[in-house]
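Participant: Please model the complete structure; the sequences and the hints are all you need to start from.
Number of protein chains: 2
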Amino acid sequence: MAASFADVTSLTTIAPRRYAARLDPEWTIAGKPNGGYLLAILGRAAVTAGEHPHVLAVSGHFLHAPVPAPADIEAEVLRAGRGASQVRVRLIQDDRGCVEALVTTADLRAAQPYWTGGLTVPDLPDPESCVRVPGRTPLGMPVPIMEQVSVRLDPAVTGFATGRPSGRGVMRGWLSLPGDETFDPLSLVYATDALPPATFEVEPTGWVPTIELTAYVRGLPEPGPVLVQQHAHVIAGQRVDETAYVWDSTGRLVAQGTQLAGIRLG
Amino acid sequence: MAASFADVTSLTTIAPRRYAARLDPEWTIAGKPNGGYLLAILGRAAVTAGEHPHVLAVSGHFLHAPVPAPADIEAEVLRAGRGASQVRVRLIQDDRGCVEALVTTADLRAAQPYWTGGLTVPDLPDPESCVRVPGRTPLGMPVPIMEQVSVRLDPAVTGFATGRPSGRGVMRGWLSLPGDETFDPLSLVYATDALPPATFEVEPTGWVPTIELTAYVRGLPEPGPVLVQQHAHVIAGQRVDETAYVWDSTGRLVAQGTQLAGIRLG
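Taken in sequence, the protein lines are chains A and B. Just so you know, our numbering puts 38 at position 38 of the first sequence, and the rest follows in order with no gaps. Just so you know, our numbering puts 143 at position 143 of the second sequence, and the rest follows in order with no gaps.
Treat the hints loosely; a few may be bogus.
The list makes no distinction among identical chains, and a pair is therefore deemed to hold if it is satisfied within one copy or across any two copies.
[What the hints assert, rightly or not] Under the rule of at most 25 Å between Cα atoms (straight-line distance), these lysine to any residue pairs were calculated in the SDA-like manner:
{"id": "1", "residue 1": "Lys32", "residue 2": "Pro113"}
{"id": "2", "residue 1": "Lys32", "residue 2": "Gly83"}
{"id": "3", "residue 1": "Lys32", "residue 2": "Pro209"}
{"id": "4", "residue 1": "Lys32", "residue 2": "Ala65"}
{"id": "5", "residue 1": "Lys32", "residue 2": "Arg82"}
{"id": "6", "residue 1": "Lys32", "residue 2": "Gly81"}
{"id": "7", "residue 1": "Lys32", "residue 2": "Gly206"}
{"id": "8", "residue 1": "Lys32", "residue 2": "Gln112"}
{"id": "9", "residue 1": "Lys32", "residue 2": "Glu128"}
{"id": "10", "residue 1": "Lys32", "residue 2": "His64"}
{"id": "11", "residue 1": "Lys32", "residue 2": "Thr120"}
{"id": "12", "residue 1": "Lys32", "residue 2": "Asp95"}
{"id": "13", "residue 1": "Lys32", "residue 2": "Leu220"}
{"id": "14", "residue 1": "Lys32", "residue 2": "Arg79"}
{"id": "15", "residue 1": "Lys32", "residue 2": "Pro178"}
{"id": "16", "residue 1": "Lys32", "residue 2": "Leu78"}
{"id": "17", "residue 1": "Lys32", "residue 2": "Ala80"}
{"id": "18", "residue 1": "Lys32", "residue 2": "Gly266"}
{"id": "19", "residue 1": "Lys32", "residue 2": "Gln238"}
{"id": "20", "residue 1": "Lys32", "residue 2": "Met141"}
The set of hints was computed from the structure by calculation and includes no laboratory data.
Facilitator: Shown next as structure tokens:
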């Protein structure tokens, strides 16, 4: 039985604005905790320390990959405003800063869409007709996190699994949390980094470590799986950018992410 | 004669990792310094304090809008690695933090494109056939920065100027610096926030203040104007997201940005 997202991101307050986290060994890729998972933990520290209940915008810069073990988090409230707060958070392991992030928090309950444009909800088969990502990549790298969450890819983007990537740099699929837990702003932050790298559909590689990840949460999602689409645009200097859009089960765009990651190509 | 970008973003070192900046009164919108301009100044502080010459990724969270006047910047090097450094920077005015940013710096000289996909260079008329943005918006708001830089919009996205926005949330045009100065990584950071808001083509409003802005610089641009395209996707809870892509004069994608901003709609 997989532990819930709430469990694997839980914090213990050890002093004012100082928390103990436990980086779960199952939420890893080749032994390294997933970047979006780490940022969700930092987001939880920010909303615990700040004045507002939800992560609105979070930007994390990754200094050292932590190991799946206990970690400390320090938070500093930079500003507590009426409509939003800003909090700086830092994940520390063995006295070394691993991830530092800035978080703007707000109350998203009243955030109803006024206008949307330019993006259409991807038209992909029902989850049952999609292809579940297994706990090991085509190149043999273990990805235990895929046995915790369920990622079901559109069959149109799974060429990489049989050595025939499409060359397009697009990845899309359905994402469910353990026990089909309803998504919240923190698990939406994770969702922006949950799919296999879109670059697998260019050329499969090993670990694609996050350098920077920014996520915006635009509303509270309805229950059910979320639909995630990621696009890579440029591989240059052994780095790749990737955007992510996340729709809830009603087709509302509820989160957006962008990341820069390292890649062993070029 | 407009001051150069190098001038209006220059810093004086006043102590180790502490700098004095002057926020130029001309680089403003309705009296407020442009967000991308502020982030470029913080980027300069980061590369001055850090070990690497170029901004690779910068994420700024905006706490209080500063006024066009002197400001202090504090930098702290979080990590100085072989290929990249991370630096935290903070812009302070009257003892109040105005913008805090995390910056990853690197050396971009060797960053040659290996693969690009999913984005085509917008096909728009030559700068001479485009429409220069004047120093005042259709609603009468002064935008002095538009008399410093030159933004020439694709005539297809200028419906807002005559009260007929297209409804599409897309903005694109050519951007030149004062004196046609060649772009560098810092002015590319500014370029990701240089055009009028893409939301003007949804519904014109007043100031659209940046809440969070993240920019990635993907290569060193060739001389000449850059082509910028911005897309808004969702207006919800009086906030809008906007992505920006920046191509150099040879058609290479050299910078990417995403921002969340406040907007008085919805």
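Participant: All the hints need checking, so say for each whether the structure fits it.
Facilitator: Hint check results:
1. In the homo-oligomer, the alpha carbons of Lys32 and Pro113 never lie at most 25 Å apart, since the shortest distance is 36 Å inside one protomer and 28 Å across protomers.
2. Proximity of Lys32 to Gly83 under the C-alpha cut-off of 25 Å is restricted to the inter-copy arrangement: shortest distance 20 Å between copies versus 36 Å within a copy.
3. Taking the closest pair of Cα atoms, Lys32 and Pro209 come within 25 Å of each other only inside a single copy of the chain (9 Å); across copies the shortest separation is 37 Å, beyond that limit.
4. For the homomeric pair Lys32 and Ala65, the shortest alpha-carbon distance inside one copy (7 Å) is at most 25 Å, but the shortest distance between copies (39 Å) is not.
5. In the homo-oligomer, the alpha carbons of Lys32 and Arg82 lie at most 25 Å apart only across protomers (21 Å), although the nearest pairing inside one protomer, at 38 Å, exceeds that limit.
6. With identical chains, the CA atoms of Lys32 and Gly81 are at most 25 Å apart between copies only, with a shortest distance of 19 Å across copies and 36 Å within one.
7. In this homomeric assembly, Lys32 and Gly206 come within 25 Å of each other (Cα to Cα) only inside a single copy, at 12 Å, whereas the closest approach across copies is 45 Å.
8. For a Cα distance limit of 25 Å, the shortest separation of Lys32 from Gln112 qualifies neither inside one copy, at 37 Å, nor across copies, at 28 Å.
9. Taking identical chains as interchangeable, the C-alpha atoms of Lys32 and Glu128 are never at most 25 Å apart, the minima being 29 Å within one chain and 52 Å between chains.
10. Within a single copy, Lys32 and His64 get their C-alpha atoms as close as 10 Å, which meets the 25 Å cut-off; across copies the closest is 37 Å, which misses it.
11. Taking the closest pair of Cα atoms, Lys32 and Thr120 never come within 25 Å of each other, the shortest separation being 33 Å inside a single copy and 35 Å across copies.
12. Taking identical chains as interchangeable, the C-alpha atoms of Lys32 and Asp95 lie at most 25 Å apart only when both belong to the same chain, with a minimum of 18 Å there against 40 Å between chains.
13. For a Cα distance limit of 25 Å, the shortest separation of Lys32 from Leu220 qualifies neither inside one copy, at 29 Å, nor across copies, at 32 Å.
14. Taking identical chains as interchangeable, the C-alpha atoms of Lys32 and Arg79 lie at most 25 Å apart only when they sit on different chains, with a minimum of 19 Å there against 32 Å within one chain.
15. Proximity of Lys32 to Pro178 under the C-alpha cut-off of 25 Å is restricted to the intra-copy arrangement: shortest distance 19 Å within a copy versus 46 Å between copies.
16. Taking CA atoms no more than 25 Å apart as the test, Lys32 paired with Leu78 passes between copies only; the shortest distance there is 21 Å, against 30 Å inside one copy.
17. When the C-alpha separation of Lys32 and Ala80 is checked against a cutoff of 25 Å, the pair qualifies only between copies, where the shortest distance is 21 Å, while the shortest distance within a copy is 34 Å.
18. For a Cα distance limit of 25 Å, the shortest separation of Lys32 from Gly266 inside one copy, 23 Å, qualifies, whereas the shortest one across copies, 42 Å, does not.
19. Taking the shortest alpha-carbon separations for Lys32 and Gln238, only the intra-copy value of 19 Å comes in at or below 25 Å, while the best inter-copy value is 38 Å.
20. Only within a single protomer do Lys32 and Met141 lie at most 25 Å apart by alpha-carbon distance; the minimum there is 12 Å, versus 50 Å between protomers.
Violation of the numbered hints given earlier is confined to hints 1, 8, 9, 11 and 13; the remaining hints are satisfied by the structure.
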